[in-house]
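Student: Here is what each chain is made of, one letter per residue.
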Amino acid sequence: MVKVCIFEDEKVTDLHPLTMTRAAFELRIGMSSLLDKIMRMLRGVKPSEVYLEVRDYLAPVVKVRFPEYKVNEYKPVDDTVFVNARLLYAGEEVELACEEVVAVKDGYVAYAYARRSTLEKVGGGSVTDVLTRLREELSSKEAETRLINWPWDLVKHNAEMIRREFEWRGKRGVVPEKVEVVGEKDLVYIDPSVKVYPYVVIDAEEGPVYIDAGAKVFPFTYIQGPTYIGEKTYIMPCARIREGCSIGPVCRVGGEVEESIIHGYSNKYHDGFLGHAYVGQWVNLGAITTNSDLKNDYSEVQVFINGKPINTGELKVGAFIGDHVKTSIGTYLNTGAVVGIMANVLAPDISPKYIPPFTWYIKGVFSRGYGLRRALRTAETMMSRRGVKLTEEERRMYEYLYEVTRKEREEYIRRSRRKKA
Amino acid sequence: MAKLTREEVEQKVKEVIAEQFGVDPASLKPETRFVEDLGADSLASIELVAAIEEAFDIEVPDEDIEKNQTVGQAIEYVIKKLEEKGALA
Chain A
24 MVKVCIFEDE KVTDLHPLTM TRAAFELRIG MSSLLDKIMR MLRGVKPSEV YLEVRDYLAP
84 VVKVRFPEYK VNEYKPVDDT VFVNARLLYA GEEVELACEE VVAVKDGYVA YAYARRSTLE
144 KVGGGSVTDV LTRLREELSS KEAETRLINW PWDLVKHNAE MIRREFEWRG KRGVVPEKVE
204 VVGEKDLVYI DPSVKVYPYV VIDAEEGPVY IDAGAKVFPF TYIQGPTYIG EKTYIMPCAR
264 IREGCSIGPV CRVGGEVEES IIHGYSNKYH DGFLGHAYVG QWVNLGAITT NSDLKNDYSE
324 VQVFINGKPI NTGELKVGAF IGDHVKTSIG TYLNTGAVVG IMANVLAPDI SPKYIPPFTW
384 YIKGVFSRGY GLRRALRTAE TMMSRRGVKL TEEERRMYEY LYEVTRKERE EYIRRSRRKK
444 A
Chain B
1448 MAKLTREEVE QKVKEVIAEQ FGVDPASLKP ETRFVEDLGA DSLASIELVA AIEEAFDIEV
1508 PDEDIEKNQT VGQAIEYVIK KLEEKGALA
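Residue numbers (my numbering), protein chains in the order written: chain A, 24 to 444; chain B, 1448 to 1536.
Derived from the structure by calculation, the hints contain no laboratory data.
Worth double-checking, as some hints may not be accurate.
[Unchecked claim] Below 30 Å or equal to it, Euclidean Cα-Cα: the simulated DSSO-like pairs (lysine-lysine) are:
id, chain 1, residue 1, chain 2, residue 2
1, A, K93, A, K412
2, B, K1532, A, K412
3, A, K255, A, K194
4, A, K164, A, K128
5, A, K194, A, K164
6, A, K93, A, K69
7, A, K239, A, K201
8, A, K255, A, K34
9, B, K1532, A, K26
10, A, K442, A, K430
11, B, K1476, B, K1532
12, A, K201, A, K164
13, A, K255, A, K179
14, A, K442, B, K1476
15, B, K1459, A, K442
16, A, K318, A, K376
17, A, K430, A, K376
18, B, K1514, A, K386
19, A, K430, B, K1450
20, B, K1528, A, K98
21, A, K179, A, K201
[Claimed, not checked] Calculated Cβ distances over 10 Å to all of chain A for the following chain B residues:
id, residue
22, E1454
23, E1455
24, Q1458
25, G1469
26, T1479
27, V1482
28, I1526
29, E1531
30, G1533
Here the structure is a predicted model, which means the values were calculated and not measured.
All C-beta atoms in this analysis are idealised placements derived from N, C-alpha and C, irrespective of residue type, glycine included.
So here's chain A without its partners, still in its complex pose (with noise of 0.2 Å):
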């Protein structure tokens, strides 16, 4: 029997602060998860016969969200397809189980077979491990498929992964009697359950539109594809959804956004502009929250991951906001902010590129705010407002992320009390 093992690398910290608190799989991007795409590709194998190889800090909250899945209980004694859980399939023609190959894409495992004896001869260890000793053994190629190597990757093949998931789902042309469409009525699908409001206008003429159950785009809003508008999500009066939005499922979104990822469960209730950002869950960003994602000079935008500048190459680029980030009215994030997860965000002249975790920003000064205990009673009220239960393991995840970051938050704290000074 064939096993089929996704794994996370060592190059999945690259994507914090969104992969601080999921695995890589769990990123959204177009109409669903990578993790969702992966299955696609894996073609009728049931979760129950998947293993999810994650960090360890990691695995009691993905066996919790993942229960059909095996987490972190991968043994290398069968014939198995290994898939890295950064990998973005997009339908290419990729062929598993076949010959015993290493595909590899940027220098990294996108995905590989071994049949059990090689296995064997490799020998056991971690994943990644038995990864790299199966390089040397086993003969390599290009994959076909992409990795997502950096957070701005989902944000720049968005638009091309909903036009491709439209197609996956095969709903179109469902549109309600009075929604002004401009454009082929074709290439929109809004579920029958969805309720919009008078004076809506969807363009499609760029590509398809879709609005998932549930949801409500009040009046006085425009829509324009390629755009994904998740389940049960609201799109505020007035608010403009330009091109390459994923939004969903559970947002309260207003304003203008364009070219963004908004996780899920996440509010930008008011006015202001978000655009080439990817937005984590549970984020409340204040009124006229705005990011920049072009600089004036036009020159590429660098993005500060792990403590070091990287030059994505791009011209323009939002921001990176981590899970439970709450922004207030008036804040601007700079072109490519990384906002680090459960940080408090004040800056209303223009926000550093990058925010720890946990800490608060206020004004020019870097602080520990209220601390972990009523940042999680603010989460947990947060969520119990969608009727949602912070889980024991999510807490105890939260309180391993607070230790681990404790050293680099202090460390602006302290910088930023002597520049106070």
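With chain A's structure known, arrange chain B on it following the hints.
Tutor: Structure of chain B alone, referenced to chain A:
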């Protein structure tokens, strides 16, 4: 966490306050006031409460924050909290 004596609590509270306000712990007297003497603003007060909660693994309800205006009051408050949870030697 091992049980602390009153003297250890006093010393530790002073260290936390000193770290927060960038002063020498030895300069802190029981009558030292957070706002008037140490220049605490609302953010510094929030941070101090969080630091004390973390240092002693106690919870300070919001309504108790205003009651602690001086270093001495904060020390007595922490001692009382530790007593309640049986963590005072």
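Student: Run every hint past the structure and note whether it holds.
Tutor: Right, here's what the structure says about each hint:
1. A:K93 with A:K412: 23 Å, holds
2. B:K1532 with A:K412: 28 Å, holds
3. A:K255 with A:K194: Judged against 30 Å, a Cα distance of about 18 Å means the pair holds.
4. A:K164 with A:K128: 9 Å, holds
5. A:K194 with A:K164: 36 Å, violated
6. A:K93 with A:K69: 11 Å, holds
7. A:K239 with A:K201: 15 Å, holds
8. A:K255 with A:K34: 33 Å, violated
9. B:K1532 with A:K26: Distance of about 51 Å is beyond 30 Å: violated.
10. A:K442 with A:K430: 18 Å, holds
11. B:K1476 with B:K1532: Distance of about 26 Å is within 30 Å: holds.
12. A:K201 with A:K164: 52 Å, violated
13. A:K255 with A:K179: 25 Å, holds
14. A:K442 with B:K1476: 27 Å, holds
15. B:K1459 with A:K442: Measuring from Cα to Cα gives roughly 26 Å; hence the hint holds.
16. A:K318 with A:K376: The given pair, whose Cα atoms are some 13 Å apart, holds under the 30 Å limit.
17. A:K430 with A:K376: 19 Å, holds
18. B:K1514 with A:K386: Between K1514 (chain B) and K386 (chain A) the Cα gap is close to 28 Å, so the pair holds against 30 Å.
19. A:K430 with B:K1450: Holds, because 26 Å separates the two Cα atoms, which is no more than 30 Å.
20. B:K1528 with A:K98: Violated, at roughly 49 Å.
21. A:K179 with A:K201: 33 Å, violated
22. E1454: Check passes; 26 Å lies beyond 10 Å.
23. E1455: 22 Å, holds
24. Q1458: The assertion about Q1458 (chain B) holds, with a minimum of 21 Å to chain A.
25. G1469: 6 Å, violated
26. T1479: The assertion about T1479 (chain B) holds, with a minimum of 19 Å to chain A.
27. V1482: Given a closest Cβ separation of 17 Å, the condition holds.
28. I1526: About 20 Å separates I1526 (chain B) from the closest Cβ of chain A, which puts it past 10 Å; holds.
29. E1531: 17 Å, holds
30. G1533: For G1533 (chain B), whose nearest Cβ neighbour in chain A is about 20 Å away, the distance exceeds 10 Å, so it holds.
Hint violations for this structure: numbers 5, 8, 9, 12, 20, 21 and 25, all remaining hints satisfied.
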